[in-house]
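**Q** The residues making up each chain are set out below.
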Amino acid sequence: MGKYLRLAFILILALLTGYGVLVTVAELPPYGADTNLTYNQVSERYINGALEDTGVPNMVTAIVLDYRAYDTMFETIVLFTAVIAVLITLKGAQEEGDRK
Amino acid sequence: MLELGMALFSGVTGALVVASLPKATERLRRAVVLLFSVTGMVFSWRVAIKIFNGGNIGIIAQLGGLTWSLDPDPLGAMFGLIASTLWVFAAIYSFGYMERKTRPQTYYAFFLISLSATLGVAFSGNLLALYFFYELLTLATYPLVIHERSADAVKAGRKYIIYSLSGAAAILIAIVLTYIWSGKIDFASGPILVNTMRPGLNLLLALFVGGFGVKAALMPLHRWLPAAMVAPTPISALLHAVAVVYSGVYGILRVVYSVFGRELMGTLSLARKLPWVAAFTILVGVIIATQQDVLKRRLAYHTISQLSYILLGAFTLQPWGLGGAILHMISYSTLKVTLFFCAGIIAERADETAVSRMQGVGWSLPKTMIAFGVASLGMVGMLPLNTFWSKYYLMRGGVQSGQWSLALVLIGSGIINAICFLPTVVASFQGEKAKSSGETGGNTMLMLGPTLCLAGIALLIGLYPGIVWPGVEAVVNRFF
Amino acid sequence: MGLTLADYGTMAMLFMLIVASLAMYFIRDLMHAVIVYGAYTLVMALIWLQMNTPDLAITEAAAGIGMTVMMMVVIYRTSRKEE
Amino acid sequence: MTAVIKTHLPVFVVAAPLFVSFLLSPMARRFGWVQSLVVGVQGLGLLLAVYLAGMILKSSGVPIIYSMGGWPAPWGIELWTGSLGAFFLLVVAGVTLPISLYAVNNLSDEVGDATRSTRFFVLYLLLAGVLAGMALTNDLFNIFVLVEVATISCCGLVSARRGPNAAKAAFNYLILATLGSGLILGGIGLVYMITGNLNMGFAGIALNGVWQDYPHVVWMAMSFFLVGFGVKAALFPLHVWLPDAHSTAPTPASAILSGLAVKGYIICLVKILFGVFEVHLLDVFRLDQILVLLGMLAILAGSILALAQGELKRRLAFSTVAQVGYIVLGFGLMNIKGVAGTLFYLASHAVIKSTLFLAAGALISATGKTHVKDFAGVGRKMPITMGVFSIASLGLVGIPLFSGFVGKWYLLLGSLEVGNLTAAGVIGIGSVLCAIYLFPIIRTAYFEPAPEDDWQDPGVPQRLALVMLGIAVIGLGVLPGPLLQLAQKAAADLLIIP
Amino acid sequence: MKDFVLRRVVALLLPFIQMFGIYVIMHGHTSPGGAFAGGMVVGLGVIGFSTVFGIEQGKTKMPEHVTTITESYGTLWYILMGLVGIFKGLPFLANKLAVDVGVPGELTSGGLIGLIGVGVGIRVASTMVTLFFTMMEEEA
Amino acid sequence: MKILLGKVLINYPYFAAVILFAIGSATVLTRSNLFKKLIGINIMESAIFLMFIAAGSRRDGVVPILHMDDSLRPYINPLPSALMLTGIVVSVSVTAFALALIVRLYRFYGTTDAKRMSDIRNGVAKE
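Protein sequences appear in the order of chains A, B, C, D, E and F. Plus 72 on top of the position in the first sequence (first one is 1) and you've got my numbering. Plus 116 on top of the position in the second sequence (first one is 1) and you've got my numbering. Plus 47 on top of the position in the third sequence (first one is 1) and you've got my numbering. Plus 71 on top of the position in the fourth sequence (first one is 1) and you've got my numbering. Counting along the fifth sequence from 1, when you hit position 84 you're at 68 in my numbering, and nothing is skipped either side. Plus 38 on top of the position in the sixth sequence (first one is 1) and you've got my numbering.
Careful: at least some of the hints might be erroneous.
Claimed, not checked - Label pairs and their calculated CB-CB ranges: (1) 126/D with 169/B: 25 to 35 Å; (2) 378/D with 102/A: 46 to 56 Å; (3) 55/C with 280/D: 33 to 43 Å; (4) 313/B with 87/A: 30 to 40 Å; (5) 268/B with 451/D: 18 to 28 Å; (6) 175/B with 129/D: 25 to 35 Å; (7) 73/D with 311/B: 48 to 58 Å; (8) 111/D with 339/B: 14 to 24 Å; (9) 378/D with 319/B: 42 to 52 Å; (10) 102/A with 280/D: 13 to 23 Å; (11) 116/A with 176/D: 55 to 65 Å.
Said to hold, decoys possible - Covered stretches of chain F (in silico footprint by chain A; criterion: 3 or more residues with CB under 8 Å from a CB of chain A, positions within the stretch not fixed): (12) 68 to 78; (13) 95 to 105; (14) 148 to 155.
Hints are computed from structural coordinates only; laboratory data are not their basis. Just so it is clear, CB atoms sit at the ideal spot from N, CA and C, and this is done for glycine as well.
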């Protein structure tokens, strides 16, 4: 009984979430339209001013390494963190008496 | 200023001294304890006299972004006076009682901290300081409750902490509500909520009374008190008949007269029901007390009943009622401490804790049982003893408030009190002399002395009630 | 706004993605699942290309291959079957 | 030179620990240098943070805005050192210093040799720097990246403990936290789609204009953020990873995880909720009430679960779940007293919980026991450790003149000001429950006879760290002054009350 | 793996793969791709080499003490590049303003971007290699 | 309903992203094998990337690299791609770390299944 109840609960939750998501998706600005809200002063500057501002023709690189270089700094730090975490996880982590 | 500080800090200082002398001899430790409790008493007396004469002492501190004030008024001074005086007696009694007990250092250190906390409660000038010392008192007395370290004691301590902290939480919420509604929390400038007419005051009163009622052992919040009787006898006597429970009673008096004020209380529907809660506690407490066989438990339930006398007096909102309440605070505490001390001596010397097996104890411990008898008579409200006067004023207050039946409750309770104690006294002087080590021996005088002394004081006040009258008058004048 | 042919192409690729992810859910053999994951990242890279973001496509392809290799290595060294 | 430092102060605060962490790894052989560098940079960080907070206080809350790379707000990323940022920065710097001091010469049992300890310190410094970054950032995507670094370094810190349990806990933590980051990124995406801005201020302004057209999107984004950060901050029904992770981690890691990392996520959530959606939208979508409800649930459930735990560190970990409830509840109150109180509570809990975990770690490593009942008589043999533990416990329970009380007082003020008596009641019940699960530890430690074992207080740096934290607990309770002021300013900024 | 053809092909291809990776790193700002993808390619080249020629052989290409240093200092490089801006009296991470050389659209344009990219590329490559070696390692 | 579905059809990349997200989180939450959880995480993150990129894309757009001759057609929004570059790196890092944890867990438990692991652990605790 409890199992069915749980199943029903999950189902109801899933249906509700699904409906909410559907409505949200329908409500979002239409995909690929030129009226999208993301085309504002921000992207305008990135598209038209990148070469002048940064001297880089590839706008993505201009954003990654100049406009939002701070993010990229943390991006490299993420990798660094992951490497250190991997090393600390695997090297010398075994205690005596561990079994295989 | 100086008196207040000395009175307040003598306990803590003494505790520090005791704690810093772990290898001290028993004699030195006793001297330190006596010195600091006497200091506390002397300076509380000085504070009280100054306050009763219309003086004004106050300390205000800004700590933690909040205002804390110590500013005793006659009511607080009276409470401080009672507590610190009885503390000295209890200290001397402890010297005898703790002779063969373990861990005296811990005991005395927390004993002295409790003195400071109690005086802090008494002298607090705003709700925050009251709350702080109230919490401090809980924490400082907790080690004393579990001093025996037995499973029972630990369980009782747990119960005590849970009850007290729940009460304190309710009080804190109530304090915050008071602060939000009125914008102030200090007692000095008349009742705090005097100009606040709004819905929810009943709830606030319930929170306050519920919170302080835990310590005042108002039924049905009393269950920790009988359990806490596993503590050493001086602690049971002092804390669970005077300091801790009185801090609850004192808190309720404060709430009724300094937070709400009697005018506002008169308009609240809950306030009209509170005397009956007290009356209920009086009767049920004493009836349960008669059923108890273990003497200390009997005394505990009796305490529950007697505390509500004071509350009843306060809840009548009449000058006579309040006067009776204050008088009862004084007289009841002397008598109850005497009773507890006697119980402790009986348990120590005759090794007997059950009421039903007290035959013959009186022959072996005559002085103790005489003191016990005197105190029992007092509890009934017999004339030459101080409680006669307090009960008289309480009844007068009840009548004055137009509730005749309250007086009947008091009379009825007096009769049940007689049933509760007098047969024990009579029985103890019947039959053969019980096995006992008698009243002689090294430390007995240290226990017997304070006991007899307190019984004497009770008699004295009963014969000359005028000696305490100035204090009672000052308190009543403060609020009426 | 009507859908163009390119849109239908994208849809097809998205459908492939969904099928691949479902396959990864159900396939018991972990090595096979990881191979499907490699295909998944490749299709993803194609979608990025379709959406005019070649930077992302190159990175996704490189990262996808790198991760697939890593996972394969680890699966090779641990256990292959899902229990 | 001082002028340069003053201009670039926000950058230095964030970058200094990171800079040092990159230096450490190759110099693992000189472990003494590693340790002194770590402690030194933490001390420097504290100095800088105090200076920055002083600047903010002196200018009465006028934020210092630093544009990265010289690109102004909507295009570049800016560091926004407002009252909230300075406040949290101060907390981070103040708590990480004692914790790193505690870790000095004390990792070989739990973590391992010099190489592993060095890596531990690297992760630790990364976490410290990232938390400082969280305090100052004003950019949605930057928050995501920071949160990711924090997550990985947290999991790394957990898995630094040898043995399989830590790895299991770290894996669960990593998976759930990444699920959370996915949701956070989804929320950021939704916000970006309807506003076109990543800067929180600009996004807020844009959102104010368009939200009526996209109510479901806003609602979805809010719930994404709430659930995503809720998983990371161990908000009650989503706390399942926390007890394992926080109790198996090495002691300094437990302290920083419970004390600061969780709060970092909460600060991020608050920045987004109050900075992007702003009070008006939170009100429209009833998010305040949801926060209060979740907070109350977390307080009760966390405390009761903590009561059921026999292991000391697990009990403390569940206590964190409960305390997160207080903090979330406070933010849901939406008035200046409540929010200021909850910020102060956050700070005091950061100090207290780190203290508790450090003291617990010292107890466990000295006695070799983990169960609450096993610490009989420790109080006399390890006076400093147990004394500090008791002080911190009293603070957590909320005894007046300890730091927890000030926060609780303002929380109560806030909740009763909006007339929410239930919340006030739950806060009261929570502190009673807190006493019930903490006091027995103190009682056994002081009032039960000790066995004959030779238990001792930890070494000098550890004792220094514990004493520093103990003084902070009392100091914040007695003189909260500037920190409370800063919290009040931060609350006013968040609620947009001039 | 002992297969002769595979070994020869990998040995032949390796320089080209590395060259391609370096190209992608260097030209990240004029064409698609970038430091991350390029670094990944370089790293994958080494990984491919060591799968075929054995871990030991691969480790001689990139010994552990080298990767430790490149990882740490590769990330440090980023911050140092950021500090250049501060030394020039500009904000942290200012690129073109700090060092302005070259015509837009050419390799040297974009100020410090190229230099940063090189650092990131080295760091990503060494990361991939370290990860691979660590995973492949026998019991510690 | 029809209008709703029509709008969903227009927004098909978002819809696909949602479905992928759901499948990914279902994989994380219901599969007990650690690799499956990891793959689920990756699916989930790529779903979010898809949503972002779709948000920046436009039908008539071109690659955001400056072309001197092709300036008539608009460029797509380069910001989401730049962000998702970071996102991919993050997911790579998480995957690498999770793989390391799996290796370590396998070394101890000899399995990569979460349920088996807790069984073994409880068994160990009972002994």
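**Q** Which numbered conditions among the earlier hints are violated in the structure presented, ordered from lowest to highest?
**A** Per hint list: 1, 4, 8, 9, 12, 14 violated.
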